[in-house]
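Visitor: So in full-length UniProt numbering, spot 69 of the sequence shown is number 69, and the numbers just go up one at a time.
If you are wondering where the hints come from, they were derived from the structure by calculation, not from laboratory data.
Do not rely on the hints blindly, as some may be mistaken.
Stated by the list, open to error - So the derived label-pair ranges between C-beta atoms look like this:
1. 40 to 96: 42 to 48 Å
2. 115 to 5: 30 to 36 Å
3. 37 to 139: 54 to 60 Å
4. 16 to 133: 23 to 29 Å
5. 115 to 37: 35 to 41 Å
6. 139 to 23: 41 to 47 Å
7. 40 to 20: 18 to 24 Å
8. 55 to 6: 32 to 38 Å
9. 136 to 39: 31 to 37 Å
10. 31 to 77: 18 to 24 Å
11. 109 to 35: 31 to 37 Å
Idealized CB from N, CA, C, for every residue including glycine.
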Amino acid sequence: MPSAPIISFDFRPSRRIRRGGCLIAVVAAISPWLSGAPGWVSVLLDGMVFWRVVVGRRIPVAPMPVVWLADARWLLAAGHPDEAEWSLRRSWRLGSWLVVELQAPDRRCGLWLGPDNMRAATLRRLRARLALTRVEKAAHQHPLA
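Produce the complete structure using the sequences and hints provided.
Guide: Right under this line is the structure:
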């Protein structure tokens, strides 16, 4: 797809997803105490929830430059010392959200792109190019001849 335009944007973790995660953490912290489980089990489960929240806070909140090149390669943290090259593993729509799963040789990364962390025009361009990529992939896998 050499004629495809380069798409670049700054990815920010979604505020909606973070708020939902906080709400789930609060419910998870309260539920052991309401379940009738022994006190030590409730303390253990609350400790696990607390640990997960602390570990989850290490997720970067600063915008990360992302570039989708014309030759189908993705660059995450473009221009930064820890820049990495990725390939598209799969993508799907989830309501007004677009989920893009990328893969490098030794790891994977999921980007949840939605109305609260991307401009609408960039999101439309991404959806259109991903749809074209899916069509080309299907045509390549199942040729008519």
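Visitor: It remains to establish, for every hint, whether it holds in the given structure.
Guide: So, going through the hints one by one against the coordinates:
1. Taking the beta carbon of each, residue 40 and residue 96 are about 44 Å apart, inside 42 to 48 Å as hinted.
2. With their beta carbons about 22 Å apart, residue 115 and residue 5 fall outside the hinted range of 30 to 36 Å.
3. Roughly 55 Å separates the CB atoms of residue 37 and residue 139, a value that falls within the hinted 54 to 60 Å.
4. Separation of residue 16 from residue 133 is about 27 Å and conforms to the stated range, judged on CB atoms against 23 to 29 Å.
5. Distance hint check: the CB atoms of residue 115 and residue 37 are about 40 Å apart, consistent with the given range 35 to 41 Å.
6. With their beta carbons about 43 Å apart, residue 139 and residue 23 fall inside the hinted range of 41 to 47 Å.
7. Checking the proposed 18 to 24 Å range against residue 40 and residue 20 shows it is violated: the Cβ atoms sit about 29 Å from each other.
8. Between residue 55 and residue 6 the C-beta distance comes to about 35 Å, which sits within the given range of 32 to 38 Å.
9. Checking the proposed 31 to 37 Å range against residue 136 and residue 39 shows it is violated: the Cβ atoms sit about 59 Å from each other.
10. Checked against the given bound of 18 to 24 Å, the beta carbons of residue 31 and residue 77, roughly 37 Å apart, lie outside it.
11. Our hint of 31 to 37 Å for residue 109 and residue 35 holds, since their Cβ atoms are close to 35 Å apart.
In this structure, the hints that do not hold are numbers 2, 7, 9, 10, in rising order.
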